[in-house]
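Note that the protein sequences, when read in sequence, are chains A and B.
Residues in the first sequence are numbered consecutively from 1, following this note's numbering.
Residues in the second sequence are numbered consecutively from 1, following this note's numbering.
Since the hints were made in silico from the structure, they are not lab data.
Since this is a predicted model, take the numbers as computed values, not measurements.
Cβ coordinates follow ideal geometry from the N, Cα and C atoms, glycine included.
No false leads were mixed into what you were given.
Going by beta-carbon spacing under 10 Å, a handful of chain B positions derived as facing chain A:
| id | residue |
| --- | --- |
| 1 | Gly40 |
| 2 | Leu61 |
| 3 | Leu102 |
| 4 | Val132 |
| 5 | Ala137 |
| 6 | Val143 |
| 7 | Leu144 |
| 8 | Val146 |
| 9 | Thr147 |
| 10 | Gly150 |
| 11 | Met220 |
2 protein chains.
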Amino acid sequence: MIAGGSPGPGETVAGAGERGLIAALAARLPPGPRTRVGIGDDAAVLGTPDGSVVATVDLLLEGRHFLLDWSSAADIGHKAAARSLADVAAMGAAPSALLVGLGIPGSLPARWALDLASGLAEECARAGAAVVGGDTAAADSVVLSVTGLGDLAGRAPVTRSGARAGDVLAVAGALGRAAAGYALLAAAVPGFPELVAAHLRPRPPYEAGPEAAALGATSMIDVSDGLVADLGHIARASGVSIGVETARLDVGEPLGEAARAVAASRPSSSGTGAGTPGGDLSPLAWLLTGGEDHALAATFPPGVALPPRWRVIGTVLPGAGVLVDGSPYAGPGGWEHFR
Amino acid sequence: MIAGGSPGPGETVAGAGERGLIAALAARLPPGPRTRVGIGDDAAVLGTPDGSVVATVDLLLEGRHFLLDWSSAADIGHKAAARSLADVAAMGAAPSALLVGLGIPGSLPARWALDLASGLAEECARAGAAVVGGDTAAADSVVLSVTGLGDLAGRAPVTRSGARAGDVLAVAGALGRAAAGYALLAAAVPGFPELVAAHLRPRPPYEAGPEAAALGATSMIDVSDGLVADLGHIARASGVSIGVETARLDVGEPLGEAARAVAASRPSSSGTGAGTPGGDLSPLAWLLTGGEDHALAATFPPGVALPPRWRVIGTVLPGAGVLVDGSPYAGPGGWEHFR
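Only chain A is shown next, with the shape it has when bound in the complex (with noise of 0.2 Å):
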């Protein structure tokens, strides 16, 4: 049995008990300024002090979304947590609250349970938030189930339709990091652990979210999916074209030197990573299509001046669809999760 919170050495999930193990977790679980009821009861109450919540989910699946190999316990913590607190702040909000469902191997280390419960305290806290509830249950694989509750203060939340012809676009945070991370992981390209952090523990902009929304932003998106693919949303809820110019995003190093590093160590012909993230070496198809950096974009008025985390990266037009450098992009649009 886990006892006061600590594992014996060894010791795995079915030792400890679903009682023992959920004792273990909510004791690395906080709770934050928003929580009236916490983790231990039917379900959380949580403070809503503008009359209104944010609500989000966000599914994780081992061999899909991560691998055990590659990412630890905590990355994967911080990477769950990550992926639904900016889906909260791309509406505008403050995070507040994620509830965590939890699928899980009996034979998995007690250990690895309880630092994946410390890897997401941890990106909460960076986001301002809780673990307020979960679940868990036994699995055959690490599932994940994030959700994510946040707060608009007053605000109107910003949705993916509000942009118009003249907005300009502006990007918070990275892009194409996460990608290049995974193309250095997935080639086993030592080095670059920058850009391999970036794919094993993004760093969303959480405060960017509210920011734009203060700033008046016309539509925002949680680039996720990738750029490109990402304002394809905003531009068909929205009804407008969204133009991208190249020029203006950082396609430099280490991008390049990764991408050259990548290349280098595959052989001439082969065809691996087609069709993956991080599939196409070009730095600039990961700029375009990785998304798991989640970078917050964003369109707003004309004439607004922005904050120097924002970066001017293109402009809302009339007509449809995406362009880059005026044309439709050519390569592929971004993740597809049922291909």
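Chain B: place on chain A using the hints.
The following block gives chain B in isolation, referenced to the frame of chain A:
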């Protein structure tokens, strides 16, 4: 492609594609009265008029929580929604919204996913809630995460920790019927449609949750692990003992008849089903340890006049643990996920 929300005959999830599938699912999931931003953006936005929100998550996995051979897609939708919304009701809240994470093999018929959505929507409608958001992912087997949100309408939440010696214990909703239905299905005994339905599509008494809160319930829980196990949660959290009187439980037909039919179907020395829900064939064991009916158990101050759907089945006592007819219960206490 799914056109106009209707998949072609035999079309698979992979054939429909993620965007087509989501559009077709969304067409079956109407917004509810609290929905300000619904399906299709980075996150949903819900009204929370009393300045708080109740939130809970449950994970349901194919092969552990349901079997595709036993349950139709609509059954699974009903059951998944019920599991989460009953937790919301057990806090004394009216369910308002559901978010659904769906992992699904690309080879499943698109029709299956749409029927699942219809089941989710129908159960939400029973509870006064609506599906407001979700996520889809390709998976090797069906994975469902259901996040329930609810509204306390200004009442304090009813937690597990407020039971006091002298309170009465009462239950609303069915007990033991889902466990009987499980045993019938496991033994392939025909007939007993009402009990089988209780397993496949439990019907939690959602309205009884806010009703109990309004009546001054001192503690409440969703009976999901089994009556004895869940009363144990209240006893521990409240620092009391809880006594159940079996004479007040409805140990009659059709449970007795079902138990005899299951017993008659088994080889006399078979151990089949031991350790599984419904593995013990006594109707009393089903009543005391079967959880999936999602009844609500609550404690009330002595002397409260209870509406008929709340059946008094025991009392709260000084001490610790759960007593059945004055003695600690000797059978299995209920469901343990990692054994």
